[in-house]
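Next come the chains, spelled out residue by residue.
Number of protein chains: 4
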Amino acid sequence: MLVVFKPGASADDRAKLVAAVRAAGCQTREVDGNGRAIVAVVGDLETLRDTPLDVFAGVASVIRLTKPYSLAGKEFRADRSVVRVGDVMVGGGDRFTLVAGPCAVESYETLLETARAVKAAGASILRGGAYKPRTSPYAFRGLGLEGLRMLREASRAVGIPTVSEVTDPRHVEACVSNVDMLQIGTRNMSNFDLLVEVGKSGHPVMLKRGRDATVEDWLLAAEYVLSQGNMKVVLCERGVRGFDPATRNLLDLAAVAVVRARSHLPVMVDPSHATGVAAYVAPMARAACAAGADGVMVEVHCRREEARCDAAQALSPEDFAELAGDLRLLHGVLHPAAAAKAH
Amino acid sequence: MLVVFKPGASADDRAKLVAAVRAAGCQTREVDGNGRAIVAVVGDLETLRDTPLDVFAGVASVIRLTKPYSLAGKEFRADRSVVRVGDVMVGGGDRFTLVAGPCAVESYETLLETARAVKAAGASILRGGAYKPRTSPYAFRGLGLEGLRMLREASRAVGIPTVSEVTDPRHVEACVSNVDMLQIGTRNMSNFDLLVEVGKSGHPVMLKRGRDATVEDWLLAAEYVLSQGNMKVVLCERGVRGFDPATRNLLDLAAVAVVRARSHLPVMVDPSHATGVAAYVAPMARAACAAGADGVMVEVHCRREEARCDAAQALSPEDFAELAGDLRLLHGVLHPAAAAKAH
Amino acid sequence: MLVVFKPGASADDRAKLVAAVRAAGCQTREVDGNGRAIVAVVGDLETLRDTPLDVFAGVASVIRLTKPYSLAGKEFRADRSVVRVGDVMVGGGDRFTLVAGPCAVESYETLLETARAVKAAGASILRGGAYKPRTSPYAFRGLGLEGLRMLREASRAVGIPTVSEVTDPRHVEACVSNVDMLQIGTRNMSNFDLLVEVGKSGHPVMLKRGRDATVEDWLLAAEYVLSQGNMKVVLCERGVRGFDPATRNLLDLAAVAVVRARSHLPVMVDPSHATGVAAYVAPMARAACAAGADGVMVEVHCRREEARCDAAQALSPEDFAELAGDLRLLHGVLHPAAAAKAH
Amino acid sequence: MLVVFKPGASADDRAKLVAAVRAAGCQTREVDGNGRAIVAVVGDLETLRDTPLDVFAGVASVIRLTKPYSLAGKEFRADRSVVRVGDVMVGGGDRFTLVAGPCAVESYETLLETARAVKAAGASILRGGAYKPRTSPYAFRGLGLEGLRMLREASRAVGIPTVSEVTDPRHVEACVSNVDMLQIGTRNMSNFDLLVEVGKSGHPVMLKRGRDATVEDWLLAAEYVLSQGNMKVVLCERGVRGFDPATRNLLDLAAVAVVRARSHLPVMVDPSHATGVAAYVAPMARAACAAGADGVMVEVHCRREEARCDAAQALSPEDFAELAGDLRLLHGVLHPAAAAKAH
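Chains as they are written, first to last, in our numbering: chain A, 885 to 1227; chain B, 885 to 1227; chain C, 885 to 1227; chain D, 885 to 1227.
In isolation and in its complexed conformation, chain A is listed as follows (with noise of 0.2 Å):
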């Protein structure tokens, strides 16, 4: 850490700051910046976790060198790492996963009907949203527990494991006990209080970015999992907000590569919220996969016009089956020893 002064800085200004940070237990050392001082802080810097340094008189700025982030990042772990969902792998840097389904299960007729679509498409996961965040108070928000029960119905008829999103920690027991994996939406992700719940489940968990984070904000919401102990994350990016209304939100592919070059954690792209509009779903997906993403997160409905939910993004079975051949080779000509493996 490096504490940079004003020019006008006293001596004394230093000497106050240097006494706050010896008494801590850390030391300094000085150094000059063309007239301005520099204090380097060096030691075990969590002592001074909740040291204010910037408001010392004569400062200028607190300029930290180390990412706040310890159990996300790469420095924690070399290799690329693997969550297990029902008995399905996600990441690892060479499997393409395909999570496919309705934005929210709305009939267990339907549901099945489009896990059996996707299945036969080369999807390994289901997603259904049993409990649905949705901006009006009075738009359908899901079926709750008996959406739950459908989704483990429909993965055992078809035998694929299943994805839903959990949005109070008072759900978090029965989202466990009928869903392979907990999704915490793009509004949850600086919902603390239940990071903290999904990270105690030990569940597998999918963390998708909010709408207004950095990667950085990203990471650190992943490390209030991981430091419950859980740490079957996989995060997923699905669009910050922007200004251009052509899309719903504004798909943020680099953050792919910049997941990829800070942190070990699976990251997948969910094109569908992302765009909002279903023609702008395959090329994203295409492109997420090329950006090297461990996998898309697709919606997919068998009958767009009784979607009660985000019709106008949804993919038909076919179009889905579609695409999912175009990942195939794509993805086998980015990696043609895995592809090879999977023949």
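I should point out that these hints are in silico values taken from the structure, not numbers from a laboratory.
Accuracy of the hints is not assured; some may be wrong.
Chain copies aren't distinguished; within one or between two, either way the pair holds.
[Unchecked claim] Listed below are the simulated BS3-like cross-link pairs for lysine-lysine, each with C-alpha atoms no more than 30 Å apart in a straight line:
hint, residue 1, residue 2
1, K900, K951
2, K958, K900
3, K890, K1084
4, K1084, K958
5, K951, K890
6, K1003, K958
7, K958, K890
8, K1084, K951
9, K951, K1003
10, K900, K1084
11, K1003, K890
Starting from the known structure of chain A, arrange chains B, C and D on it as the hints suggest.
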């Protein structure tokens, strides 16, 4: 609601949509828009809430003409709402309320000292966080229940009502028992389960704007609380995500004017979290007053060097007292009648 | 065009608007929208361009149903445009073009060396800046006319057409004489006088997206060039302003899909300026290819340590050659017919 | 300047960087930062401007400690600058200047009528666009030279100095001959060739903030003008790109406070373009005054229904007169001494 068809849409496309609309009990009127068919849908549009008209064949876009919130809107109530917090009135159009206190409750002594200082300077509500949502899991996250009890104690000792943040539905009851107003922070504006719970509590709520929320999103979040029968909602603008690191967030003061044009709810401003820099708090508080806000919420700390949270944006009690004087002058010149009544 | 009236608008309000519309030679049709009057305006809407219907009494909003650009839109041309740059074809849907070279032309030797290297690796157009817009007035701003001449020389020596940025209407002539394609940079996308001038020149234009531009703004900027009779426009996405400092800009790859849905113009991607980090250039170039872009423009420098501009984002010739190989594979798998023809 | 090395950087990495720095004539000091080497570079850093230290092997990041602008910064001048426009003074800290007039000059009669009205209401500078940058090439783009002449005529008839936008280096001379102040619009803030030209002219300049510019970018744009020897620069905040369609742009009033903390230049606010809605102009103008701005620029039109540009955001002369009265009251209460002197 208007359904605009693509130039090449067929009569059959229109007939199918019209049939679906009529099946739901609504009527239609067709009009020509320079070669594009336009169907106006009239009647009780609620019956169509879960019918995704935008995915019907031939449809280019669906234009909604009414605001998606009803209880929060001006149409619901012509005059401006007043919310009672303890024995303090907030809102109504001719009051300007000062809420002040530390970011987090850290010790009873400091809290009490700050409470006395801010009350003496003219604050009528004391703020203080017991449950602190922090970006890092390793940062100080508040004293929890013990902090709530300190707030109750300080409130009684000084004679000032209190507001504190609630972040978990499971804590609502404890917060209701100990503080006079529940704050929903920016990270939880879209935590709809929590909104429903504070709505059910019937307790006054300060609803901060989400960092990624439009004013419409924000009013819909308010609608979650209102639709539970709890009309005691005060909005609080605190800045959205911006691209300039010069300030912590981007304070959107025009949102105050937008809220006043669309809603009857009181709207306050938090210049401390908006800017993150103590030197910018006073100018932005004055600007909020001149923009027509119903009050400001300001972080004040007796000993900034000891603050365990957001020290860089806290004012000293002396600076707060000076700001409070400025705000009285400004409000007096803008609302001379209200000012005369106050003396 | 639809004019939506406020619920309380009077018959007199409607009559005044209708009279103004008819005076301009257009017709009107009225329809009821659940208690709000709606007037559809049909006929030659151009005659109403300068009549601000939205300020008429009683008007709530004016909804335009057609895109504001016409030459840039898909309606103007069903197939995808091809733009010839020197003897190289760009666009059309089944080609993938590599543009590469240094950020700025610094010396003839380095330029020549880089030109040879990028051509050998598969680039078909050489980039290099002679007039550099730099945020600071004290930074290196390019060699100007001398840089243009070096580009012409290198182009002849190596046999590769060139593209270079023009920033001032007074330099258009010199640029046209020396390079094969004019680049309009992000900062000048809305420099309409410059757009008109490059439109008049008839020379091929690469139009980068403004950092604050929606796709609609961007297509309207293209329309400035097209409306001068110059149809040789290639769009280039290079990232918009984002809030995450992890990358220099926020690359909006969905914009490639949006452009392909709305326009016939070729669209390329510049992953170098988008990310600002050499390590992220290759994944984003691959993603651009998979998203359906017509090519990428990549910064390549033989001696990064000597680069006077944007060194941190430049690839070495070796890294570029590897990327070019990946892109050939990806494009081949996505466009097998085109790839077969190329060999 | 501080160069921070990666944890694994070698002594050889450091030696190479140190050698390059010393070759440029600067000195170095090394310090340890918890296992990472840090090299402080001191001396005349200008000599290193074109040496990209961040691409040297082993370097993690380069931290600059000084602001990149010098003439625009507070260090250059302790008191606040005053800029003379005609016989009107702008800036200095205790004046509040009203600039008002139509968006575009449309006819001499309307201009004259508006000029008289705004002067009577207290405006001291008349605005009016002759060269209008418009998003669409088909929109009204101003009367050009004829509009400039109308401004000169109206200025003489009414006795009020004028400001008008210049968009092309080739028009600077004509603008200088006809108006008292040159405006650089938001779209041209980074049109550096134009900035250099208005810098050379020595004429007063109103420099609007780019819609995608940080305050630092904006002060660097000012530096382009200042570095030509023209110190007559007035900044004008007019909103940045935001994601909420409720207002046209996102007015960043905290930027006024940031500019006052970093620069001696006067800073005004344009609430008309910032909000795009007439009803929000007055509250934002009052907020700008309370935030410490040196003035506001407001669009006023005598006959809004006939305005050919931005009618929805123009105030009537009556509304402007009322606003001007409010602003006098507000400024008087914030700067009592200045107000006393004015009467």
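Hint check:
no.: 1; hint: K900 with K951; verdict: both (27 Å within a copy, 26 Å between copies)
no.: 2; hint: K958 with K900; verdict: between (36 Å within a copy, 27 Å between copies)
no.: 3; hint: K890 with K1084; verdict: neither (45 Å within a copy, 34 Å between copies)
no.: 4; hint: K1084 with K958; verdict: within (23 Å within a copy, 45 Å between copies)
no.: 5; hint: K951 with K890; verdict: both (25 Å within a copy, 12 Å between copies)
no.: 6; hint: K1003 with K958; verdict: neither (33 Å within a copy, 37 Å between copies)
no.: 7; hint: K958 with K890; verdict: between (34 Å within a copy, 13 Å between copies)
no.: 8; hint: K1084 with K951; verdict: within (24 Å within a copy, 41 Å between copies)
no.: 9; hint: K951 with K1003; verdict: neither (40 Å within a copy, 40 Å between copies)
no.: 10; hint: K900 with K1084; verdict: neither (42 Å within a copy, 49 Å between copies)
no.: 11; hint: K1003 with K890; verdict: neither (62 Å within a copy, 34 Å between copies)
Of the numbered hints given earlier, the model fails hints 3, 6, 9, 10, 11; all others are met.
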